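S.K.: Residue strings, one per chain:
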Amino acid sequence: MAGREDDEESRWPGAASGGVFAGNDEIHQDLAAVDWTATPLGPPQAWEQSLRTAVSILLSSRFPMWMAWGPELTFFCNTAYRRDTLGRKYPWALGRPASEVWAEVWEDIGPRVTGVLGTGKATWDEALLLFLERSGYSEETYHTFSYSALRDDAGTVVGMLCVVSEDTDRVIGERRMATLRDLGSDVSVARSEERMLAFAARQLAHNERDLPFTLTYLFDEDGGARLAAATGMAPGHPAAPALLAADDPDAVWPVHEPAASRSAVVVLDREPFTGLPAGAWPQPPAQALVVPLLQQGSDPYGFLVAGLNRYRRPDEATRGFVELVAAHLAAGVGSARSYRVQQRRAEELAELDRAKTAFFSNVSHEFRTPLALIMGPAEELQARLAGAEPQVREELEVIRRNGMRLGKLVNTLLDFSRIEAGRMQAGYERADLAALTAELASVFRSAVEAAGLSFDVDCPPLPQPVLLDRGMWEKVVLNLLSNALKFTFDGGIRLTVQDGPGEAVVTVADTGVGVPEQEMPRLFERFHRVANVRARSNEGSGIGLALVKELVALHGGTIGAASREGEGTTFTVRLPYGNGHLPPDAAVGADGTPAPPSGAEPYVQEALRWLPDPAVPAEVPGQGGGTSGGAPVDVVVADDNADMREYLTRLLRGAGHRVRAVGDGKAALEAVHAHAPDLVVADVMMPRLDGLQLVATLRAAPRTAGVPVLLVSARAGQEASVEGLDAGADDYLVKPFSAAELLARVRANVELARLRTQHARWRRALTDSMQEAFFVCDAQGGIVEANAAFADVLGFGPEDLPAGPDQPWWPDAAADPEGHRLVAEAFAGPEERSGAGHILPLRHRDGRPLSVSASLARVQDPETGGQMVVGTLRDVTAEQYAIRRESAVAALSVRLSRSASTAESLDGALKEMGALWQARHALAVVFPDGGRPVLTATGGATDWSALTAEHRAALTALRDGPPLTPSGDGHGGVGVGLAHPRGPMVLWLDLGEQRPFTDQDVNLLSLLAGHLVQGLSRAHQIDQQRETALALQRAILGPAELPEGFAVRYEPAARPLEVGGDWYDTVALSDGRIGIVVGDCVGRGLQAAAVMGQLRSACRALLLQDPRPDRVLLALDRFAANIPGAMCTTVFCGVLDPGSGRVAYSSAGHPPGVLVDPDGGVRLLDQGRSTPLAVRAVDSRPWAQEEVPPHATLLLYTDGLVERRRRPLTEGIDRAGAAVREARHIGVEDLAARVMDRMAPPGGYDDDVALLLYRHPAPLSVRFPAEAAQLAPVRRALRSWLNQCALPPQTVQNVLVAAGEACANAVEHGHRDTPGDTIRLRAEAQQGSMRLTVSDTGRWRPPRPEANPNRGRGIALMRALMQNVTVTSGPDGTTVAMNTGIPR
Amino acid sequence: MTTPLSLICSNRPDGAVVLAVTGEVDMSNCAELAAAADQALGRGPGSLVVDLSAVGYLDSAGLKELLTRADRIEIVASGVLGPVLTVSGLTELTAVHGLEPPGRLDGDLPTQPYEPPS
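First to last, the protein sequences are chains A and B.
Residue numbers for the first sequence, in the working numbering: 1 to 1384.
Residue numbers for the second sequence, in the working numbering: 1 to 118.
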């Protein structure tokens, strides 16, 4: 193989260079191709060894390097350098002087190079900013590089090696990261929008390189935008208006784009963008990016305008950076706004709290006076009546006890409001905490032991006293103990006092019900009561523990709680010794002697009343016989307050009733179940099961549903009683009440209940015997009563139904608003006692829709006076279905019969079926043989790829399944497969969640799908016929491609035909001339079109055979004579020489052509006229000649354009001439549209119209290979065309030179790599201007006069000789465009 | 194929060498012009008159050859070449005979000054 390698080497271009460039890379070949003899280095074979070595090191390195050698510092580089840095300068740079290669940065690097060459010492530069011209613009780049000296064989420094790495991406990336990091560096600014924006602006202003200027606009409520922050931009700059209107199309920034959450690029090349700040750069930005400040799930907050660094290409990374900045601003604005809202809410809450505290304080004070006036006389009476009968003493005791309890409650509230207001004055004194606490415990012992609980008190003496307010400490201990007693039913309570580190520790532990874990955090919250726990009493205000906590805190102590549900709760209070924790001005009294606790009695008395009172027997049957009015009845009394329980018992027994008294709702339920009473009297607030729950439970069970319940509650007010009655209570009594009131209500309720049960039994038997569903409902629709048939029809019995409106058997208000409205109106509507028939859409319990015939009547409830509705229902679903099926089939058939295409048929069918089932969307997918599935839909997705994968799978499964067999997906979607003429099709209805699709629906869908198949098939046949007709029509109308300079319009009179009797034609003749024909057959529609097609073909053939207009028409005369209907056809036939503008023409009775000169003069081509075709036999026809001058326009047309009833034809021709004259400077294509528009009668054209325009000279379009030798012929063609345009010689010369330079540029540069590619030159005269474009497919090189003086001069020439010279370079090539005015 | 160009060198009675150019000059044949001019310059120490009166087209490739020799030649040209010779600066580097007075041309020149990109 070694031998082979030698052979290979001999073929390398490098071989000729003495092997210096031996290698197979492109760079070796390009280096070898350099004409080294033209450089000071001479031929490579003669290079000294040191240069060869340096070059070989350079070329073999994969690290980017370049080197310079010799007197001119001749440039070499390797592949890596070429790729990373050299860009478009490759391979031009090879072998050039280094100062020429890097001319644009030589100012920066030149001194470094000189330094290396002079001293031999290496340089090192890190991330040096250099503006390179390697990518077609001045580019901001950063390079880290080192220059080191290269020595020749004699050791003299003769060159330098540069090892370089480009850091541009890193430097710019780090800079942007720093900005983003700084933006997020201070979270505290997020509290105010202004501070946040100002902070962000300071950070953005630091990065003047990426963001020369920024503007932050925020949207106002009216959609306008207001400037909220700016960087880099001086205030009041016209490019930064303070306000931007929402609907101003001329606004400085495009507000509507960010408002629609879109970004936009604004090119800053016009007013008011002059004098923009340049940031850190010499030149201001050329583009700005407008990015919305997006808000999740809502419209953007505003937008950011970022001026972009013109020295970087605005790439994805730039856009991404600006979007991240915008995202940060949006997040900042969002969090500032939400902070502001929260702040306001917190202030409102604090204000509410203050108002409430003031209220409590006032009310509590007001209570104390009447209380004192109750308690004083009561105690006095007790003393005076010590010897009175027991019942009097007992009742006085009740008064005193409850007065005391009320006093305690008021005092607690007052304490609390004092603490809240900061007015609680504590009187501290040194106290023996252990002794004091034990004393309090002993007072409570009797109550604890009466409850059957153990009470363990362990209070050893403490080493030092604690500073205490005795009154407060009493409240702490008593509250904790009564709390423990209230929630403990078994086990006991333990109270300990211990010495801790610097503090005394007091614990109260119970074995009670415990506190649920989720309630623990709120245990000490005011008014918070743990719900649904078993307690000895439901009494309480919910402020005991909150007060304890505040009191402990006033002592500088803490309180904590630990609890396990069902095991017990332990409260731990810690009080510090000494006085360091107390306020300095706190009064400290002398050591007091332990006195008996003063405020303990109310606590103990209250606790004792929670316990069962053995003194009162729970039931004393048979006591008392004769009552005042009515038979004695059995009553169950349920109340957790022993005093109230005893009071009620005493009253009822006194009236002769039999009473069973219980302490809570559960016990009451048990009592009722044991023996059904005639009446239940129950408190609303009770532990275990409250009064409302008790009523609900009784009502739910048939056996107890009829038991009358009288609720008693302290909660006054309308809502409370409504709540009670709603729950099913028969009556409601508010505390306080009089004894007589209670007894009267008891009697009334018992009697009513007896009557009711008797009537109810009779009525039930009657209604149940009815075959139709019968019901009674209240005004809101809640069913009060219903018979057995009601449950048969709807699936619901009255016990399954809720009270109030929105019954489950009504249509769902959200899914079927129309049905819901219908039913609601029917129930609200019936007149008093008048039956009314309705068909209502109702729902069965299993979800299936029902059609029900309902007769409803409004009646007044004789007992309550409330409005009720009674009604009967009959299920007519099956009958309704039959009607619906008939009408659906009929509606679909009508739709299909009216459709003129398959698309229209399908669209109509989808709408019909979607409406029938009230589907959210209906869609159809056609699976053409092997093609992409095609979607038609009434909403939702419009493309197969936009559907979810599951949906696509479901549709495909239906396609592959049996046809006309509907099937649902179980989530409210149902589909059916059927045959479409283009392939299998699936029709799909999206019915929405929880909409049942019944068997009847399945049958109907299948039936309709069958009809649809037939309809589609019929429409498909129509489609095919129409397509065939259209293809034929287009074939006979006119040429497929028009020559340059022409424009045509065609308007057939008979729709939907696309052709009529008129025609136009252009024929390219072999000598470069162009035949032009415009003709008009008699009549219109298909028949005229058939004649026209034949004449057109004939005329075309004749023109090709003998291009003389008169002879063509003569021959056409003979041809037309043999075609029925061709007689009297008018034809204008002309032959145009596009070079000279001369047109020879002959007219067979056709209206004259119109010629409009550039100066606006109008001439008619009205010579060479003779009769229409085949009117009489002629031997010859006349012809004439006219010259179309440069920039003149020729108009040919048929009479449909100009002929109007009762108007002379000449008037129409004049108008047509005027229409062309008015717009004679615009392009012919636009002119044709303008003329058609101008000439159209008010109701549109009612005759066929053909129109043909020609502007002389036609644009010049030349394509030629990119070779220098082509320049002269192209120039000749251009010169000849320019002469046609009648331009002054100097203008011709200027255009020629400018075009020549552009072409030479394209040849020399655009195609340096691929010579022979096509260059395109186009010249066009319009609107008083000559436009010239030269396009190539090569890469454009920006002019660099210092590198190539010749080319730079070329560009300079173009700019000097022409106007608006633009060079547009893209991946597909480069286009040079320029203009010059045409002197008139 | 290059663009046809005729180059005839002669001596004027006053001893000056005249190079009469006929045809069009573009990048395909500017080297011929250069060679002829150099040859003519080699004929004597005096100045060379390049007569462009019969040149109908001259682009930047031809201008380059004239500019590089501007200090040794004089030019005769017809008015049609005026803008090209003026814009290129040749009229400032050497004598150009036969043009219209330059004032007439000023009005035709575009107002936008040319600036090479930085």
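Since the hints were derived computationally from the structure, they do not count as laboratory data.
Incorrect hints may appear among the rest.
[To be verified] Result set (EDC-like, lysine to aspartate or glutamate): computed pairs, CA atoms no more than 20 Å apart in a straight line: (1) A/Lys408 - A/Glu601; (2) B/Lys64 - A/Glu1308; (3) B/Lys64 - B/Glu74; (4) A/Lys666 - A/Glu646; (5) A/Lys911 - A/Glu1058; (6) B/Lys64 - A/Glu100.
[Stated by the list, open to error] Here are some chain B residues pointing at chain A (derived, C-beta under 7 Å): (7) Thr3; (8) Ser28; (9) Glu32; (10) Asp51; (11) Val80; (12) Pro83; (13) Val84; (14) Val87; (15) Leu90; (16) Thr91.
These numbers come from a predicted model, not from an experiment.
For each residue, glycine too, the CB sits at the ideal point set by N, CA and C.
S.K.: Please go over all the hints and tell whether each is borne out by the structure.
M.R.: Results for each hint:
1. A/Lys408 - A/Glu601: holds (10 Å)
2. B/Lys64 - A/Glu1308: holds (15 Å)
3. B/Lys64 - B/Glu74: Distance of about 15 Å is within 20 Å: holds.
4. A/Lys666 - A/Glu646: holds (18 Å)
5. A/Lys911 - A/Glu1058: violated (31 Å)
6. B/Lys64 - A/Glu100: holds (19 Å)
7. Thr3: Because about 4 Å separates threonine 3 of chain B from the closest Cβ in chain A, which is inside the 7 Å limit, the hint holds.
8. Ser28: Hint holds; serine 28 of chain B Cβ to chain A Cβ min 4 Å, cut 7 Å.
9. Glu32: violated (13 Å)
10. Asp51: Violated - the Cβ of aspartate 51 of chain B stays beyond 7 Å from chain A, reaching only about 18 Å at its closest.
11. Val80: holds (5 Å)
12. Pro83: holds (6 Å)
13. Val84: holds (6 Å)
14. Val87: holds (4 Å)
15. Leu90: Violated, because the Cβ-Cβ distance from leucine 90 of chain B to chain A comes to roughly 10 Å (cut-off 7 Å).
16. Thr91: violated (13 Å)
Hint violations for this structure: numbers 5, 9, 10, 15 and 16, all remaining hints satisfied.
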